[in-house]
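Q: With chain A fixed as given, assemble chain B onto it according to the hints.
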Amino acid sequence: MDKITLSHGSGGTLMHKLIDSVIMKEFDNNILRQKKDSAILTIGKTRIAFTTDSYVVNPIFFPGGDIGSLAVHGTVNDLSVCGARPAHLSFGLIIEEGLDKSILEKIVRSAAAAAEKAGVSIVTGDTKVVERGSCDKIFINTSGLGEIYYDKLSPDRIKAGDKVIVSGPIGEHAISVLSGREGIEFKTKVKSDSAALNRLIEKVLKASGTSVKFMRDPTRGGVATTLNEITASHKFGIALDEKAVPVSDGVGQACELLGFDPLYLACEGRVIFIAAAKEADKILKIIRKDKNGKRANIIGEITKEEKGKVCLNTAAGGRRLVDMLSGEQLPRIC
Amino acid sequence: MKYIDEFRNRRLIDKVAGRIRAKADPRRGYNFMEVCGTHTMSIFRFGLRGILPGNINLISGPGCPVCVTPNEFIDKAIALARRKDSIIATFGDMFRVPGSHSSLDKEKARGAAVKMVYSSMDALELAKKNPDKEVIFLGIGFETTAPTVAQSIIAAKKEKLKNYSVLCGHKTMPEALKALTEEPKLNIDGFLLPGHVSAVIGTAPYRFLTKRGKRCVVAGIEPLDILQAILMLLEQKTPKIEIQYTRIITKSGNRLAKNSIDKVFEADDSSWRGIGCIKKSGLKIRKEFGAFDAEARFKPKIAAPKENKACICGEVIKGVKTPPECKLFAKLCTPEHPVGACMVSSEGACAAYYKYRGRI
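From first to last, the protein sequence lines are chains A and B.
Final position of the first sequence in our numbering is 370; the numbers increase by one with none missing.
Final position of the second sequence in our numbering is 344; the numbers increase by one with none missing.
In case anyone wonders, no lab produced these hints; they're calculated from the structure.
One or more of the hints may lead you astray.
Reference listing, derived: stretches of chain A covered by chain B, where coverage requires no fewer than 3 residues with Cβ under 8 Å from a Cβ of chain B [to be verified]: (1) 41 to 47; (2) 286 to 293; (3) 350 to 358.
BS3-like mimics (lysine-lysine), calculated; alpha carbons at most 30 Å apart, straight line [unchecked claim]: (4) A:Lys61 / B:Lys117; (5) A:Lys188 / A:Lys53; (6) B:Lys90 / A:Lys227; (7) A:Lys53 / B:Lys90; (8) A:Lys318 / A:Lys227; (9) A:Lys345 / A:Lys271; (10) B:Lys117 / A:Lys343; (11) A:Lys61 / B:Lys99; (12) B:Lys339 / A:Lys173; (13) A:Lys340 / A:Lys188.
Ideal Cβ positions, reconstructed from N, Cα and C, are used throughout, including at glycine.
Chain A with its partners taken away, still in its complex shape (with noise of 0.2 Å):
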């Protein structure tokens, strides 16, 4: 009998193969074929973003954020790449027996406030309790809804030449996470990047034209299987430029400690722009303004090459192939 294991839940490969096998089997239809961040769905003469996230993070408190926030920026977030302004977020409650109730304030309050920052409203939630050890300790799941003003993001428009754009530092939440968990525990100065990005995509969007021509969150799976998702079936490769990936120190160390390599690491508040060449160091310029893109960087370029496939040109002078992630376990980061 096959049974699910953590690896199905990684971002990876096995899961797009359980999704596809399963999931889409089912439920198969128009919009959930194209598999975007969020649903682009038109409501009388109004296009808009639905999309839902649930959050099992563990520790549920971590440097820089906590599982509160995050189910809000996460959320906000996979709106905002799919050129939507996100507007009214559900805020669903499974909760285990036992748990301190001033744990559920300070991780409610520190929702609340993740999202009057961010500009969105919660208005409809849930709350479950369920016995001690059928959760830990809390789950939270999020829906959103916003409404597009920009709807020129297709791979369909991306060419050779166009260049991504990672909007700072890679893997920090990821490295964070791992750093406040029981068995691994190491010290770090690392914070989570756990950031909500609607803001910054939307000062980018309104300056650039029709410029930007994809946006992605790198989450699960990291920079590299998102890029991988966005070559995967297209005529296109991309070859990343292993200097230009802005790596802080902190994330750097923890990779050669625990044999990680950053780009498989996951991010919740950076995003990758595929933008066309003549405006992306006018891009560049827009992102680092803002406070969660002082480190932006272009790290590579679309190309005619390796169809479908991700490069790195290495520090040291080599080439390799980027696969999307496969199998490694860092299960609950989000």
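A: This is chain B only, laid out in the frame that chain A set:
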């Protein structure tokens, strides 16, 4: 980062690569084996094969601890995991390695208690926190991990812990290299000897290699370390053992670590995946520490181990074949559905080939 940035310095890398190209005789080929799994990963991660001239052939050796662990060991670990009161503590790489019929991650999904730890000392802590459970640590690896596992056993004895034991699958490197040099299909000119194994055992145990005409350099794991070691191999006029990794390695090794190994373990014949039994190439727990030997205590019963006949992990570990020569590679055997251990371990040659696709 100190000791890392310097060894990834592009200007120096280009310089050493230039000297390698100048030194390598274009009329002949060179077969150099990188023994250690960390070397293999570094070579792929930094794309070093593409920097080297085409006539220098790097062969991945038997230095990935997970890859050389036979099915029999995994089957025993699974049998122990199925005991009601046991917690299996293991390094993460062992989680998904398939045994004859199952794997530890599948057993975990079925309800077995399998915990990932970063060190044997964490397993010891787990035992202290769970006095009503038997915590069994899966001791695998070479002379690099054996001293830490020995220390955990010494500490457990001192603290009179009754619920900590080790399923011992430790192996030692020199005897395996001896067996490899006797492999007729394998024609190796020189060895990049493992950095961290040598940090413990020093260089004396490798002397037989030079007597068999093999050039040897103990190499570090950063790109510049590996390239410099290759240059040193090319420059050797007569076979000798040199140390490139001088910031870590001394000729005599680490006496304290060697003493811990000797105190807890003794040499024993050991079975290597695909290679078979190599005399005195493994470690077993000495009788005086028998209370901490999971095999002696629980006597796990297993059926005769089964291997997938099409899997050529054994040939890959010996360096006789490369992963793409396997019929299963990237088809039936992928990191999500591994058939052989070389595809599961992050240091396995098949995983490295799959992840980085060799030269591109």
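Q: It remains to establish, for every hint, whether it holds in the given structure.
A: Tested hints:
Coverage of the region 41 to 47 of chain A by chain B holds. Counting CB-CB distances below 8 Å, 3 residues qualify, and the rule asks for three or more. Note: the region 286 to 293 of chain A has 3 residues with beta-carbon separation from chain B under 8 Å; the three-residue rule is met and the coverage holds. Counting residues of the region 350 to 358 of chain A whose beta-carbon sits less than 8 Å from any beta-carbon of chain B gives 8, enough to reach three: the coverage restraint holds. A distance of roughly 43 Å separates the Cα atoms of Lys61 of chain A and Lys117 of chain B; the hinted pair therefore is violated under the 30 Å criterion.
For the suggested pair Lys188 of chain A and Lys53 of chain A, the alpha carbons sit about 29 Å apart, so the restraint of at most 30 Å is met. Distance restraint check for Lys90 of chain B and Lys227 of chain A: the Cα-Cα separation of roughly 34 Å exceeds the 30 Å cut-off, and the hinted pair is therefore not satisfied. For the hint linking Lys53 of chain A to Lys90 of chain B, the alpha-carbon distance of about 18 Å falls within 30 Å, and the restraint holds. Between the alpha carbons of Lys318 of chain A and Lys227 of chain A the distance comes to roughly 28 Å, so the proposed pair stays at or under 30 Å and holds.
A threshold of 30 Å between alpha carbons decides the hint, and for Lys345 of chain A with Lys271 of chain A the separation of about 9 Å falls inside it, so the pair holds. A threshold of 30 Å between alpha carbons decides the hint, and for Lys117 of chain B with Lys343 of chain A the separation of about 53 Å lies outside it, so the pair is violated. For the hint pairing Lys61 of chain A with Lys99 of chain B, the CA-to-CA distance comes to about 34 Å; that exceeds 30 Å, so the pair is violated. Taking the CA atoms of Lys339 of chain B and Lys173 of chain A, the gap is near 36 Å; set against the 30 Å cutoff, the hint is violated.
Between Lys340 of chain A and Lys188 of chain A the CA atoms are separated by roughly 22 Å; this keeps the pair inside 30 Å, and the hint holds.
In the structure shown, a violation is registered for the earlier hints numbered 4, 6, 10, 11, 12, in ascending order.
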